[in-house]
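Model the full assembly from the supplied sequences, consistent with the hints where possible.
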Amino acid sequence: MSRAIQTMLGGFKDKIDQGVPVVIHPLCREAIENACDIGRPAAELLADFAQLDFSQIASTPVWWFVPPALAHTINEKNYQEVFESSRWHEPPESIAERVSAFKAWLLDQPQNRIAVVSHSTFLRDLLGAKEKMENCHVEPMPLQAGEPMPSQQNT
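For any residue, its number in the numbering used here is found by taking its place in the sequence shown, counting from 1, and adding 5.
Treat the hints with care, as some may be off.
[Said to hold, decoys possible] Calculated cross-link-like contacts (lysine to any residue; reagent style SDA-like; alpha-carbon spacing at most 25 Å):
1. K18 <-> E144
2. K82 <-> A106
3. K137 <-> Q149
4. K108 <-> S64
5. K137 <-> S64
6. K18 <-> R45
7. K82 <-> D113
8. K18 <-> K82
9. K108 <-> E95
10. K108 <-> S7
In case anyone wonders, no lab produced these hints; they're calculated from the structure.
Shown next as structure tokens:
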């Protein structure tokens, strides 16, 4: 999440300075494929980016995907050590559920334009693309209630 936040702060500094709201949402986090994809506890993110709204994740110290078998052993202090010893990947079904839930969340927002800054795997799946996007790529995605996701339009 830190990389996406840094990108967003750089790309939207003028809008943020003008008071455009920024919400850090756990559903559009990166899919866990490597150690660098593991999240950081909300308290650490808030300490580094105090100007942002972390209310969506603030009450859940470990807000990224953890396999159910490890959920009872992992916490904000040992998460890196547990990942190093277990090396899990987020299953495609979990990512698909997050994409669907995030789309529903987007549709529920009062704004008619929303910029989503996230990670390549999540954005690829959200957009229904065949390949990951280049860093800092911009891709418009019109959403309307009742319409299929872009990935469902070609099936």
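Contradicted hints - numbers only: Going through the list in order, the structure violates hints 2, 5, 7, 8 and respects the others.
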